[in-house]
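Peer 1: Sequence:
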Amino acid sequence: MAASDDETRLPILEKLTSDAEAHARSTTRVRRSFTGLVATVLVSAVLAFGWSLPSKPDPPLQDAPHDFSGDLLMRCETSTLLQPLDHFGASPTAASFQQRYFTCGEFFDAASGPIFFYTGGHADVELFLNTTGAMWEAAPAAQALLVFAEHRFFGASIPSSSSSLDHLSTAQALADYANVITALLARFGHRPVVAFGGGYGGLLASWLRLKFPHLVIGAVASSAPLLAFDADVDHEAFARTVTYVASPVAGAHPNCIPNIRALWPKLTAAATSSIGYAQLAAAFRLCPSSQHPLSTSLVSWITTAFEGLAVHNHPFATASLPGHPMRAACAHLAHDWYAESSDSELYAAVREAVGVYYNASGDVPCFDLNNDRDDQAERRRKGVLYEYLACTELYTPRDYAGGDDDMFPPQRHNETADAMRCLQTWGVQLRPFGAHTMYGGRAGLEAATNLVLTNGDMDPWSHSGVLQSLAPSVVAVRIPKGTHQSDLYFHDATDSDDLKSARSVVRAHVQHWLTAFSKQ
163 MAASDDETRL PILEKLTSDA EAHARSTTRV RRSFTGLVAT VLVSAVLAFG WSLPSKPDPP
223 LQDAPHDFSG DLLMRCETST LLQPLDHFGA SPTAASFQQR YFTCGEFFDA ASGPIFFYTG
283 GHADVELFLN TTGAMWEAAP AAQALLVFAE HRFFGASIPS SSSSLDHLST AQALADYANV
343 ITALLARFGH RPVVAFGGGY GGLLASWLRL KFPHLVIGAV ASSAPLLAFD ADVDHEAFAR
403 TVTYVASPVA GAHPNCIPNI RALWPKLTAA ATSSIGYAQL AAAFRLCPSS QHPLSTSLVS
463 WITTAFEGLA VHNHPFATAS LPGHPMRAAC AHLAHDWYAE SSDSELYAAV REAVGVYYNA
523 SGDVPCFDLN NDRDDQAERR RKGVLYEYLA CTELYTPRDY AGGDDDMFPP QRHNETADAM
583 RCLQTWGVQL RPFGAHTMYG GRAGLEAATN LVLTNGDMDP WSHSGVLQSL APSVVAVRIP
643 KGTHQSDLYF HDATDSDDLK SARSVVRAHV QHWLTAFSKQ
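In my numbering, each residue's number is its place in the sequence shown (first place is 1) plus 162.
Since the hints were made in silico from the structure, they are not lab data.
Yeah, the Cβ is synthetic: ideal placement off N, Cα and C, and Gly gets one too.
Label-pair ranges, simulated between beta-carbon atoms:
hint: 1; residue 1: S326; residue 2: D580; range: 19 to 27 Å
hint: 2; residue 1: A493; residue 2: G589; range: 39 to 47 Å
hint: 3; residue 1: Y500; residue 2: H376; range: 53 to 61 Å
hint: 4; residue 1: T242; residue 2: S506; range: 50 to 58 Å
hint: 5; residue 1: Y500; residue 2: S523; range: 28 to 36 Å
hint: 6; residue 1: S658; residue 2: A272; range: 35 to 43 Å
hint: 7; residue 1: A431; residue 2: N532; range: 20 to 28 Å
hint: 8; residue 1: T430; residue 2: E577; range: 22 to 30 Å
hint: 9; residue 1: S658; residue 2: A481; range: 20 to 28 Å
hint: 10; residue 1: L585; residue 2: Q441; range: 32 to 40 Å
hint: 11; residue 1: H376; residue 2: S523; range: 42 to 50 Å
hint: 12; residue 1: G251; residue 2: A318; range: 23 to 31 Å
Sequences are here, hints too, so could you generate the full structure?
Peer 2: Here's what the structure looks like:
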C-alpha cells in the first residue's frame, strides 16, 4: 500500500476499488496485572437520525476520585446460583450446575440504587471484574451494585465433565443471566438493571435487553459485532483494518507492511523442499512437532499474531503486551528486507515481530504450530469452547483480498471446509446464520430500545459493529482511533479526548434510563 494511501484512508476501510482509490485519502488505572480485553457530553456529532438526548439531559455519571488499584475481587462477594443445565426442557430430573457470580456493593444504595450487570463472555469472569473500569468508575455516583456473572462452561461455572455441549449456547447463557437478575431483584427489591458487556459479552448484553426487556432497562455494548451474522457482512474488512493498524499513519514503521507482503511468496517457495523446510523451522524456532503442511500452518500462525496485535493495540501496557503492541512488532521490521534477497534475515525479523504476541515473557523455547490438531477433550481443557459457539451460532469467517487491500495472502473462507471441521472437532453442524435467526440482526436491533453500542475505529471488529444509530434509542457511538473495548477500561493518562467524550455520552444515556425508570 502506497504511503499516500496509508495516510488518507479511514481506519474503517472501504474496499480499495478504483473509485475508492481515486477519492479516498486516532491506565495507569487499567489492571496491568490482567490481560487486556474489555468530560462534557458531545452528543450532537455522535448520534444518527438527528436524534439527541433531551434538551436538558440528565447529568452524566461522573468519574469519582476513588482508588481502584489492586485486585478488585477482594472488594466483592462470591455467590453461586443453581441453574438448570437446560432451561428449555421440563424434565423433573433435569441436571443442574452452579453458576458463579460476584456482587460488589461498596457504593450500593440498597434502598434505591440500580444494578449494573456484566454479562460474562468466554473467559473466567474474574478477568472482566478487574478490567471493566467503566462500571467501577460509574458506581459511586449511581450508588450502584456491580454484578459480574460468569458464562456457563467457562471459569468456575462448568457443568459436570459428562455434560453435553448441546447446552452451551447463547440462549442458555441469557436464561442463566435472567435467573441471576431475578434472584437479585427478589433479594434487593424492584430496581433498574443496566447490562454491560464487551465483545462477545457485548453481544450478550444487547441480546439480554432484546429478550428480557422486563428485567433489563438498557444495555451498553462495547465492540460487539452485532451485524457480523447478517448475510451482507464484509468479510474482508477485518484484514483491511489490521493492515491499517500496521501502517505508518497508525504509527507503525513504514517498512512493516512491505516486509510482511514480501514474506508470503518466500514461505510458499521454501516449504516445497526439505532444505527450505529446515530453513523455516530453524529461522522461526519451530518445535519438532510442527509438521507439514508447514506453509499453510505458518501463514495462519503469523496472520493470527498480527490480527491479535491489532485487536489489542491499546496505548497502555498490559501483563502480556506492551503499549501500542503493533508498533512494537513492526519495529522489528524496520529494515527494507523486502528489497533484498536475504530470506533468513526477513524470517528472523518476522519471528521477533510475532514474538511480541506469542512470547511476551521471552522464555518460550520454541513455537508449536500444532494447537489446531488437539482433539475435543484437549481443546475443551484449554478453554477454547468459543470455537464450538462459532460453529453452532457465531460464525464469523474472514477473507483476505491481498494486493492493495490488505497485507495478507489472498484467501477466501471455505464454508464447506469449516463445516467439516465443526463436525470432526465438535460433532456439530455448522449453522452460518444461527445468531441472525435467533436475534434478528439489523432488523432485530431496529425494533429495540435503550441500547448504546460503542466501537473504536481502529478495532478490526468494528466493521461488523453498529456504526450508525438504528433507532431513536439504539445509539451508535464511534470512537476515532479507539481500540477494542477501550471505553470499558479504567480511565488512563493516554485517553484521547474522543474516548473521554464517548464515555460521557454513554454515561449520559445510562443516567437518562435511570431517571426515566425513577419517574415510572
